[in-house]
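J.: Sequence:
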Amino acid sequence: MSRWSTPDDDDDAPKATKAKAVPRRSALKSSGAVAGGVLGLAVAGLGYRAWQTKAYTDFAAGEAFAPYRLWQEELAKPAVTARPPADPSAPVPQLVGDPRNIVAAAILASSPHNTQPWTFKIAGNLIDVLADRSRHLGVLDPRDREFTIGLGCAIENLVVGARGLGFSPLVNLLPEGPQGATVARLTIYDAAKERSPLVDALARRRTNRGPYLKGRAVDTKILDALERLATSPGARLVWLDAASDAGRRFSEATLKATQDFVADAELTAASDRWFRYSTADIERHRDGITLAASGISPFKARLALMVPKELIGDAHVQWIAMTRDMHLATAPRFGLIVVPSLDDRAALLEAGRLWQRLHLQATVMGLAMHPLNQTMEMADRDHALGRASAAGTALQSLSALSSNAVAFGFRMGFSNFQPNPSPRRALGSFLSA
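Numbering of the sequence shown is given in my numbering, commencing with residue 946 and proceeding in unit increments.
Read the hints as simulated data drawn from the structure, not as lab findings. Hints are supplied without guarantee of correctness; some may be wrong.
[Said to hold, decoys possible] Listed next, the in silico BS3-like pairs over lysine-lysine satisfying Cα-Cα at most 25 angstroms (straight line):
| id | residue 1 | residue 2 |
| --- | --- | --- |
| 1 | K1138 | K1201 |
| 2 | K1066 | K1159 |
| 3 | K1138 | K1022 |
| 4 | K1159 | K1245 |
| 5 | K1201 | K1159 |
[To be verified] Computed spacing ranges between beta-carbons, pair by pair:
| id | residue 1 | residue 2 | range |
| --- | --- | --- | --- |
| 6 | L1248 | S1286 | 37 to 47 angstroms |
| 7 | L1376 | M1310 | 29 to 39 angstroms |
| 8 | R1269 | H1328 | 17 to 27 angstroms |
| 9 | P1023 | S1342 | 30 to 40 angstroms |
| 10 | G1069 | E1139 | 35 to 45 angstroms |
| 11 | G1311 | H1230 | 26 to 36 angstroms |
| 12 | S1286 | G1331 | 38 to 48 angstroms |
| 13 | S1286 | P1023 | 24 to 34 angstroms |
| 14 | K1159 | A1335 | 36 to 46 angstroms |
| 15 | G1311 | R1193 | 18 to 28 angstroms |
| 16 | G1069 | A1335 | 43 to 53 angstroms |
We treat Cβ as the ideally placed atom computed from N, Cα and C, and that holds for glycine.
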């Protein structure tokens, strides 16, 4: 039809040839071929994505996990016995071993959201532990509760690691006073190398966010052995049977706090800052909580790495579901670490030391451990905003069991789930001049 023709002029146009019918079987074959081609492209795309994100590799094989191997290499070295020539002008005792190697143990410690908020300064036979406030959780931790507890964990790892390398450590908390920059000073001396199970557990300790064996109780002998680790009056233990009234109240408060946390956009944004979705993120940051260590199965973790983050779904909604259906539903036992006051910095350091001792001993015993601090985080948030707090009320009810403030909560049990390690920054990045 020309540009100027009318509809009637169409009669003069050549008639279209009638299309030949395609047999149904041929059509099915064609559509099957197309579907197969799409599927093939999808598989190829996933394969490329798997290669790109290294989803097929060992989750603990990268440089972000080298500090675990470094500590194991240090333990494998023979004890050094040859003392260097004495220097009369030296102001401090000369050590046979290298105190920098002790820090290799400290950096494997637990910390809130795996922020690793510490640095270390070594001078002769002194090791100072300093807080790195650039790695603070911000609005997630307005009272410095988790920040200080994390520093206590590093102090305890220093003590255990020092003994494992042939040093005798003497710990002085807050040597510059309650507000000082130095949170602890270790004076170390040469001693016999102590190869206790706790020393080996330093590199094997994992946060197990997977399902626990609800039907397998933690007997009283284990609870008594763990309770004996609470050697400081500044930090005490309270056990909660999950089936007890107090255990149910802790579960309900934890779920409610998790839901309130997710509803708070400022909190979720602060939390998201420390979540690592990809292998590239892990190797770049070498900190935070990873998909592989989040409690999902290895298959799901690899699948999640192969698809874009936008297709994974709402991680916050999934966290609520995992808290309700896995973390709380399968735990046979909860534990609380209580302190005289949340404003007592030394007590919070002792709480961190106690948590680290508990987790190392649990590793030796084959127990699974997982912090559950959502209620404390929401109580801290409400306290900072000066508003009424359902989380704070729940904690006051639980703290009545001990007449102390709840600083830390966790679940404990046995598990067939094999957790992955969390990444760690390089040793040199923690050493301060």
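J.: Give a verdict on every hint.
T.: Against the structure, the hints come out as follows:
no.: 1; hint: K1138 - K1201; result: 48 angstroms, violated
no.: 2; hint: K1066 - K1159; result: 44 angstroms, violated
no.: 3; hint: K1138 - K1022; result: 11 angstroms, holds
no.: 4; hint: K1159 - K1245; result: 23 angstroms, holds
no.: 5; hint: K1201 - K1159; result: 21 angstroms, holds
no.: 6; hint: L1248 - S1286: 37 to 47 angstroms; result: 46 angstroms, holds
no.: 7; hint: L1376 - M1310: 29 to 39 angstroms; result: 33 angstroms, holds
no.: 8; hint: R1269 - H1328: 17 to 27 angstroms; result: 25 angstroms, holds
no.: 9; hint: P1023 - S1342: 30 to 40 angstroms; result: 54 angstroms, violated
no.: 10; hint: G1069 - E1139: 35 to 45 angstroms; result: 22 angstroms, violated
no.: 11; hint: G1311 - H1230: 26 to 36 angstroms; result: 31 angstroms, holds
no.: 12; hint: S1286 - G1331: 38 to 48 angstroms; result: 19 angstroms, violated
no.: 13; hint: S1286 - P1023: 24 to 34 angstroms; result: 47 angstroms, violated
no.: 14; hint: K1159 - A1335: 36 to 46 angstroms; result: 27 angstroms, violated
no.: 15; hint: G1311 - R1193: 18 to 28 angstroms; result: 27 angstroms, holds
no.: 16; hint: G1069 - A1335: 43 to 53 angstroms; result: 51 angstroms, holds
Violation of the numbered hints given earlier is confined to hints 1, 2, 9, 10, 12, 13, 14; the remaining hints are satisfied by the structure.
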